[in-house]
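A.B. asks: The chain contents come next:
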Amino acid sequence: MEYIIKNGIVYDPLNEINGEVKDISIKDGKIVESVSESEAQIIDATGKIVMPGGVDPHSHIAGAKVNVGRMYRPEDSKKDVEGKGTSLRSGSGFSVPSTFMTGYRYAQMGYTSAMEAAMPPLLSRHTHEEFEDTPIIDHAAYPLFGNNWFVMEYLKEGDIEKCAAYCSWLLRATKGYTLKIVNPAGTEAWGWGGNVHGIHDPAPYFDVTGADIIKGLAEVNEKLRLPHAIHLHCNDLGHPGNYETTLDSFDVPKGIKPNPATGSRDAVIYATHVQFHSYGGTNWRDFVSEAPKVADYVNKNDHIVIDVGQVTLDETTTMTADGPMEFDLHTLNGLKWANCDVELETGSGVVPFLYSPRAPVPSAQWGVGLELFLLIEDASKVCLTTDSPNGGPFTRYPRIISWLMSNRLRKDMIENQVHKWAQRKTSIATIDREYDFYEIAQISRSTPAKVLGLSDTKGHLGVGADADVAIYSFNPETQDPSAEFEALEAAFQKAAYVLKDGQIVVKDGLVVNPNRHGRTYWIDTVYNPELEKEVESEVERWFKQYYSVNFDNYSVQQEYLPKSVPIGGWSK
Amino acid sequence: MSEITLTPKEQPQVPLEAQNITPDSFAGKSIDEIKATEIWHGNIKTKIEEFFEVAGEPSENPSEIKIIIDGDVNKTKRIGQSMTAGEIVVKGNTNKYVGAEMIGGKITVEGDAGSWAGQDMKGGELTILGNAGDYIGSAYRGDWRGMSGGLITVHGNVGNEIAEYMLGGKMVIKGNVAIMPGIHMNGGVLIIEGNVVARTGGEMKGGIIVVKGVINEFLPGFEYLGIEKDIDVEGEIFKGAFHKFKGDLATKGSNGLVYVGVAGNNHIVPDKR
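For the record, the sequence lines run as chains A and B. Here the first sequence is numbered in the numbering used here, starting from 1 and rising by one per residue. Here the second sequence is numbered in the numbering used here, starting from 1 and rising by one per residue.
What the hints contain is simulated information worked out from the structure, not anything from laboratory work. In this text, a Cβ means the ideal position worked out from N, Cα and C, and glycines have one as well. Hints are supplied without guarantee of correctness; some may be wrong.
[Said to hold, decoys possible] Reference excerpt, derived from the structure (chain A facing chain B, CB under 10 Å, subset only):
1. TYR72
2. ASP76
3. SER77
4. THR331
5. LYS336
[Claimed, not checked] Straight-line C-alpha distance at most 25 Å; calculated SDA-like pairs for lysine to any residue:
6. A:LYS336 - B:ALA198
7. A:LYS257 - A:GLY241
8. A:LYS79 - A:ASN67
9. A:LYS223 - A:THR430
10. A:LYS300 - A:LYS336
11. B:LYS122 - A:LEU335
12. A:LYS22 - A:VAL32
13. B:LYS252 - A:SER356
14. B:LYS205 - A:LEU335
15. A:LYS293 - A:GLU315
16. A:LYS84 - B:GLN19
17. B:LYS96 - A:VAL81
18. A:LYS78 - B:ASN20
Take these sequences, add in the hints, and give me the full structure.
C.D. replies: This is how it looks when you write it as structure tokens:
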């Protein structure tokens, strides 16, 4: 099928197109120079916004802990229920939607790619099984490396080559995409009933620190020539005074040269949900936002890209591999708590959370997130996320877009809707900046696509890109987003059209073509075949001693990936 | 008051889900429109008239409507769900979720009610003249915020985990109770006139439970505060002598009170065992 999207107002930052009226031609699932007007189907986008399909670089959508969230929160399932349609599956869940609904909800917003940000290697089969039932969106999963016994053992021995060989093997075995680091050394310490504080506090037994792990894995990342930078969830999440740890962590990989085999990222570190890591003070009484200092660091340094983890002021479900942090949260709010230790690899926890706009801390967190968005000057360094569902569900992205584009709405919220801590503890009330649609396209499309190393085919509308296109019923030439923020949110919640690989999947906000598998991106690299053999035999020995599964049952077979897209690193 | 009578035809094997049988849903509808009101038969949409004869006087205002279900509807769930005003009388047994999420008005079930009656109730009055099942006046599955207002009265016996996560309002059980009444309770008043099998007020944080009958087994997490006579529970005086307990200390910051009639209950008092 060929399409021409005619007369749309196009925002395509990677090709520096800023609101030009332009036709987009599509053939065989790709953007092409032109197609024959007589044969192509015409989509009239006159007076509408046209953007590349959205790319979510950090979300929790598939795998064991997401499923725990679904299972132990029936009261959340009740809040958003989708009945069976003629071709749609039924589903439910507001903060943790079921798999099919996850695919539908992303697509309805014009998002065509979303990444699962924390996959325990041992549970990667489960993650890929859920991907198989999450329709439409392209995806990848980030295996957890930051508290892995092998990584820590090789780093303790100072053997960076073996560490690289192990990482290369594990990425292949789990069909994973990046080196994800969560509370490095801290989740391992949680296995001993403790935590680490800062990046210089060593894990028990292994005696390596968060800084050692970040530096070691950043070096490995560039040795393996991976498309994405190391993906870091810093230590001390959510604790007042943690911004110093955050800035120290950002500095660790500085000086390492980016060396991706594909894509064109400049960053060597991607720091996630930085909102939760930008707090000053020593406790929740003298707590104050240090987002301006964190934003200033990002403004002055080119080796880093961040995402925000915006708090959306909803009732949601928190879930992370940061086990000790979830225990802290459970003791704070007293709500139900799930916890898991994943053998030699990582851990995780799940706790429901209410970010009430009337409560002081959530209101301040809301302000901290918006400060990061608005004080980081260059939208090519910041990505739109809520760390879904931790700060709030991904279905709130349109609302965040309205907050970013409308100072009027923010002022009204600060004065009338949120607790006064938003003004007292953060500088949000003093910031008047409003994003334009170009910047919105950056934080939700081009910036994540580029830092993920997928910008050859994703996050833009140039010739050769995958034909993932979102069309929104909002006319920037006649409508003012600052004034018409409600219409803006509605337009981005339910796109007029969404095309995925050149096929219409959403029309008038409804999913019309749900029976499609998204691509699974994964890293297919062999760093050093001989060394990897040696490492594999060591790993096998540890499996016999410590793992509850057999080595031969560990690796995820290609059969689990209905639309497998291997991406080469070192050897390719 | 306008009366609308629903006379059940043959009750189906697969239960009906009838959350639309409320004064709110009937208000402003003609009798023909009420007949055509949607209910669910399993996973199939159907109409009230498929399973009920409908007759009576319609009204614009829900508080003016009294719905009489003239017969046994033991296969009909969710009667009166979320109703805000008016009255429903069921002249027989009913299935689960009668009066769930009720906000106002009055429901009387003359026979027995199934489980989850008055789930997550916020206001109004629910009276069951027969027995009722488990989870009467409890929270939605998984939720930690249960019944917050209104009055539930059961004249017969009830099952397990009634008043689970109760936050407010009042529940009176005139008969006997199985295990775990008032589990996770955090407010409100639960009066049990009959006996309790075990685990009264497990993990309760707040609220008041009064048991007039005999408790077979009591939990160890309660502090014994001695005997109190003619107790005053939110303005209502209960005559006689009661053992007074505070707990459940298994839960942090717990401040719940359990009064247990002295007669037949010395075996649950620590120094009298």
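A.B. asks: A separate judgement is required for each hint: does it hold in the structure or not?
C.D. replies: Hint check:
Against a cut-off of 10 Å between C-beta atoms, the interface hint on TYR72 of chain A holds, since the closest Cβ of chain B lies about 7 Å away. Residue-level restraint check for ASP76 of chain A holds (minimum Cβ-Cβ distance to chain B is 8 Å; threshold 10 Å). Checking SER77 of chain A against chain B: minimum C-beta separation of about 8 Å stays under 10 Å; hint holds. Proximity of THR331 of chain A to chain B holds as hinted, the smallest CB-CB distance being about 9 Å (cut-off 10 Å).
Interface restraint check for LYS336 of chain A: the shortest CB-CB distance to chain B comes to about 7 Å, inside 10 Å, so the restraint holds. A distance of roughly 24 Å separates the Cα atoms of LYS336 of chain A and ALA198 of chain B; the hinted pair therefore holds under the 25 Å criterion. Taken as a hint, the LYS257 of chain A and GLY241 of chain A pair is broken in the structure, with Cα atoms around 30 Å apart against an allowance of 25 Å. A threshold of 25 Å between alpha carbons decides the hint, and for LYS79 of chain A with ASN67 of chain A the separation of about 17 Å falls inside it, so the pair holds.
A threshold of 25 Å between alpha carbons decides the hint, and for LYS223 of chain A with THR430 of chain A the separation of about 44 Å lies outside it, so the pair is violated. The hinted pair formed by LYS300 of chain A and LYS336 of chain A fails the criterion: a straight-line CA distance of about 42 Å is larger than 25 Å. For the proposed pair LYS122 of chain B and LEU335 of chain A, the alpha carbon gap of about 22 Å is at most 25 Å, so the pair holds. This hinted pair checks out: LYS22 of chain A and VAL32 of chain A have alpha carbons roughly 13 Å apart, not beyond 25 Å.
About 23 Å separates the Cα atoms of LYS252 of chain B and SER356 of chain A, which keeps this hinted pair within 25 Å; it holds. A distance of roughly 13 Å separates the Cα atoms of LYS205 of chain B and LEU335 of chain A; the hinted pair therefore holds under the 25 Å criterion. Annotation: proposed proximity of LYS293 of chain A to GLU315 of chain A is violated, straight-line Cα distance about 29 Å (limit 25 Å). Proposed proximity of LYS84 of chain A and GLN19 of chain B is supported: the alpha carbons are some 20 Å apart, at most 25 Å.
Proximity of LYS96 of chain B to VAL81 of chain A is assessed by CA-CA distance (about 21 Å); at most 25 Å being required, the pair is judged to hold. For the proposed pair LYS78 of chain A and ASN20 of chain B, the alpha carbon gap of about 18 Å is at most 25 Å, so the pair holds.
Violated hints for the displayed structure, listed by number in ascending order: 7, 9, 10, 15.
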